[in-house]
Amino acid sequence: MAPSLLQIILLGIVQGAAELLPVSSSAHVIAAERLMRLDPSSPEMTYLMVMLHAGTMAAMVAYFWGAWRRRYFSSAAVFREFAGRAALATAATALVGYPLQALVVRLVLRGRPGAEVEDLFSNLPLMAACLAAAGALIVAAGLRTARAGPAPGPGGALSPGPAAWIGAVQGVCLPFRGFSRSGGTISAGMLLGVPRRTAEEFSFALAVILTPPVIAREAWRLYRSRASAAAGIDLGALAGPGLIGMACSFVAGLAALRWLSRWLENGRWHYFGYYCFGAAAAVCALAAMGY
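Quick note: the sequence shown uses my numbering, first residue 1, plus one each step.
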């Protein structure tokens, strides 16, 4: 069943807000889809998620561009240093994330023929456990730095060690819906002593690098499935509503980033962790009710 325009707007708002807050967009979107009785694996929903991810990526670029330009593009030498740190972190993400995905598929899905990590996305108990784990990490990082008060200035350059660790944590987040990418990477940076604003800006710079391959993977899955043609589904009819959803995710993403930055700089990061605990309980309740 194709989503209605109202459902697309609601999903755009949920995706935009939750994608850029450290509370796991995938967990919130999947829970919302379940409540709306939509199938996350359908061609329509795969297509819609491509559009919504594009909207949140645009929000990241619009919000952080000024800070990135000052921090990473002030000179050729500064850009080379940033590019090296980003490449190191992205390599760590790949080295940790892809073997971990294969291991999770093998252990949880027991090597079922044709099994993919996306098959885990409907596993609500696993999602709840990941939300709780992310919440614990966020609370630990937030409480450790809350005593320092409001974050000072923009912070210094990121050294290779923390960059690699942040990338590795991002890799851990890849196969687990519910383990927030931004929550994990920013918290890892904070626990490693990286200034809060530096950790935030680097985390979302990595997200812009990671998002296009994610969008491409979703688009490839849509093309490979060929289910839309077999079922007579006209994805072209979703282009207009999809653009509306993308606009909603963009606006919601900008609002979420302003909220995140304010709480991060004012030492309230750990409150996002408490929210993750509540979200984990809510997902468990959905699983118990048979959603």
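Keep in mind that the hints were calculated from the coordinates and are not lab data.
One should not assume that every hint holds.
[As the list claims (entries may be wrong)] DEER-style ranges, computed between Cβ atoms:
#1 281 - 99: 29 to 35 Å
#2 247 - 282: 25 to 31 Å
#3 282 - 76: 44 to 50 Å
From the three backbone atoms N, C-alpha and C, an ideal C-beta is built for every residue, glycine too.
Problem - Violating hint indices (sorted, rising) - result: No numbers; nothing is violated.
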